[in-house]
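Using the sequences and the accompanying hints, generate a full structural model.
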Amino acid sequence: GDSVTQMEGPVTLSEEAFLTINCTYTATGYPSLFWYVQYPGEGLQLLLKATKADDKGSNKGFEATYRKETTSFHLEKGSVQVSDSAVYFCALDKAAGNKLTFGGGTRVLVKP
Amino acid sequence: DGGITQSPKYLFRKEGQNVTLSCEQNLNHDAMYWYRQDPGQGLRLIYYSQIVNDFQKGDIAEGYSVSREKKESFPLTVTSAQKNPTAFYLCASSKTGASGANVLTFGAGSRLTVL
Chain X
6 GDSVTQMEGP
16 VTLSEEAFLT
26 INCTYTATGY
36 PSLFWYVQYP
46 GEGLQLLLKA
56 TKADDKGSNK
66 GFEATYRKET
76 TSFHLEKGSV
86 QVSDSAVYFC
96 ALDKAAGNKL
106 TFGGGTRVLV
116 KP
Chain U
17 DGGITQSPKY
27 LFRKEGQNVT
37 LSCEQNLNHD
47 AMYWYRQDPG
57 QGLRLIYYSQ
67 IVNDFQKGDI
77 AEGYSVSREK
87 KESFPLTVTS
97 AQKNPTAFYL
107 CASSKTGASG
117 ANVLTFGAGS
127 RLTVL
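First to last, the protein sequences are chains X and U.
Using the working numbering, the first residue of the first sequence is number 6, and each one after it goes up by one.
Using the working numbering, the first residue of the second sequence is number 17, and each one after it goes up by one.
Bear in mind the hints are in silico, worked out from the structure with no lab data behind them.
Positions of the beta carbon are idealized from the N, C-alpha and C atoms, including for glycine.
Examples of chain U residues lying across from chain X (beta carbon under 8 Å, computed):
#1 Y49
#2 Q57
#3 Y64
#4 N118
#5 V119
#6 F122
#7 A124
Over 10 Å on every C-beta distance to chain X, these chain U residues come out as not near it, computed from the model:
#8 G18
#9 E31
#10 Q33
#11 N34
#12 A77
#13 E78
#14 G79
#15 E85
#16 K86
#17 E88
#18 S89
#19 T93
#20 K99
Once the Cα atoms are required to be at most 20 Å apart in a straight line, the calculated SDA-like pairs of lysine to any residue come out as:
#21 U:K25 / U:E88
#22 X:K104 / U:A47
#23 X:K65 / U:T121
#24 X:K104 / U:T121
#25 U:K111 / X:L53
#26 X:K73 / X:G6
#27 X:K104 / U:S89
#28 X:K65 / U:V119
#29 X:K57 / X:K99
#30 X:K104 / U:H45
#31 U:K99 / U:L27
#32 X:K73 / X:D59
#33 U:K25 / X:E47
Next up, the structure:
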């Protein structure tokens, strides 16, 4: 079946550091890929998405590129802020299923 | 503003009791979902519904029940058959379509604690 694997956290960084969160997937066909973010005590919000190979999703300084050859969708941000402290979830969706498969989430803590 | 409202935000239950979590959306979305989130873990799908009066089991449906009598509402009942119900429950909705880029909108969640 489909699955998503993320690096385990927590990831602790200083403000203005570079952030990378690795995400790889296993799926048949051509899934769409997503990053969602969950701030403390809240639901999830869509951060960015990519629907086909080599697409780059971007939002709020975050970027991720859909790499079909390596089945990866790593999340990056060049300079993090304290407000980026949250849990980040990688997910995939296939047209036929219409429901998301989530990775385990990666907690990020940014210290001033 | 359009969105998803979950209630209650916090709920305490004694063992052996059924409880119902409410989820209402005014986004005119066709599909609705219930996920369970445990500490340090990802989201696991409990039930989902793509159309009124129809729903399907997700990966961990045992001990839960749902109904979809109205497009706007998708309540989840946690029954006494659910052996470990303490968790954070998230409701979500989406437009259905053939594009595959199924963006979910989430509610703020309901935290259930069994005493």
